[in-house]
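S.K.: Now for the letters of each chain:
Protein chains: 2
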Amino acid sequence: MTCELCNTEGGAPIWRNEECRVVGIEEPGYPGFCRVIWNAHAAEMTDLAEAERARLMRVVFTVEAALRELLQPDKINLASLGNVVPHLHWHVIPRFRDDPHFPSPIWATPARAPAPAGGTRPDIALALAARLSRL
Amino acid sequence: MTCELCNTEGGAPIWRNEECRVVGIEEPGYPGFCRVIWNAHAAEMTDLAEAERARLMRVVFTVEAALRELLQPDKINLASLGNVVPHLHWHVIPRFRDDPHFPSPIWATPARAPAPAGGTRPDIALALAARLSRL
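Chains A and B supply the protein sequences, listed in that same order. Reminder that position 5 of the first sequence reads as 5 in the working numbering, one-by-one numbering, no gaps. Reminder that position 102 of the second sequence reads as 1102 in the working numbering, one-by-one numbering, no gaps.
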């Protein structure tokens, strides 16, 4: 049994503490797409203690707030799925009316081709790290 | 501007308090699919106060825990998307290896036809309501 999120960072490092980390995801058409990954191997939120869940969600919501302020998306999508990699990770996805799938979820059939922008711009990553460091 | 989740229950009523409600969703192949809906109109988790977010997530995680115990799914999927209906609601979806989309998200192209089971069985709804009432 090898777990991708136990063995790799899972994206471009933005911030980490002892419990979790925030990484940027390179997905064409989705600038600012981040994942918040629990460092230890656990499959479900309810595998964590209540206080751990609360701290993880606090990081997720801090990322959401920062991305809203920095990118002013039309919507934020949050999801913890993990059917393929059952190691707790939250997708935090800024959505825009002209993004490849809007208004469908990003896992649906695309409605249009991605704009060239993608990945987490260095200025966004730095701004996120600064906000998370104040937690 | 009419909002579907301001004007309708949004599913089969299971439980509600002053802030939020839990409803069962009729989706072929997805027994136990629930949504946790914030009663007031708000688009994003970070539009709520911190204490409100925490209480909403406590309901989401209580539903998750109950569905795990009742249905023993292979995975739980949690998502707050709202691109079409930007009124805060959490999908809580028990996933099974033989469900229509596994291991893809339920919004992807189906991999197989749904089994006849769907909707929230009355016994599941009752068991959920009992657990939520103890919150």
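Derived from the structure by calculation, the hints contain no laboratory data. Predicted, not measured: the structure shown is a model, and the values here were computed from it. Treat the hints loosely; a few may be bogus.
Covered stretches of chain B (chain A as the covering partner; in silico rule of three or more C-beta atoms under 8 Å from a C-beta of chain A) [stated by the list, open to error]:
| no. | segment |
| --- | --- |
| 1 | 1032 to 1045 |
| 2 | 1101 to 1111 |
Computed from the model, here is a short list of chain A residues facing chain B with C-beta under 10 Å [to be verified]:
| no. | residue |
| --- | --- |
| 3 | Pro13 |
| 4 | Arg16 |
| 5 | Asn17 |
| 6 | Glu44 |
| 7 | Met57 |
| 8 | Pro105 |
| 9 | Trp107 |
| 10 | Leu135 |
Note that CB positions come from ideal geometry on N, CA and C, so glycine has one too.
S.K.: Run every hint past the structure and note whether it holds.
M.R.: Hints, one by one, checked against the model:
{"no.": "1", "hint": "1032 to 1045", "result": "holds (count 3)"}
{"no.": "2", "hint": "1101 to 1111", "result": "holds (count 7)"}
{"no.": "3", "hint": "Pro13", "result": "violated, 23 Å"}
{"no.": "4", "hint": "Arg16", "result": "violated, 22 Å"}
{"no.": "5", "hint": "Asn17", "result": "violated, 19 Å"}
{"no.": "6", "hint": "Glu44", "result": "holds, 5 Å"}
{"no.": "7", "hint": "Met57", "result": "holds, 6 Å"}
{"no.": "8", "hint": "Pro105", "result": "holds, 4 Å"}
{"no.": "9", "hint": "Trp107", "result": "holds, 4 Å"}
{"no.": "10", "hint": "Leu135", "result": "violated, 12 Å"}
Taken one by one, the earlier hints fail for this structure at numbers 3, 4, 5 and 10, listed in ascending order.
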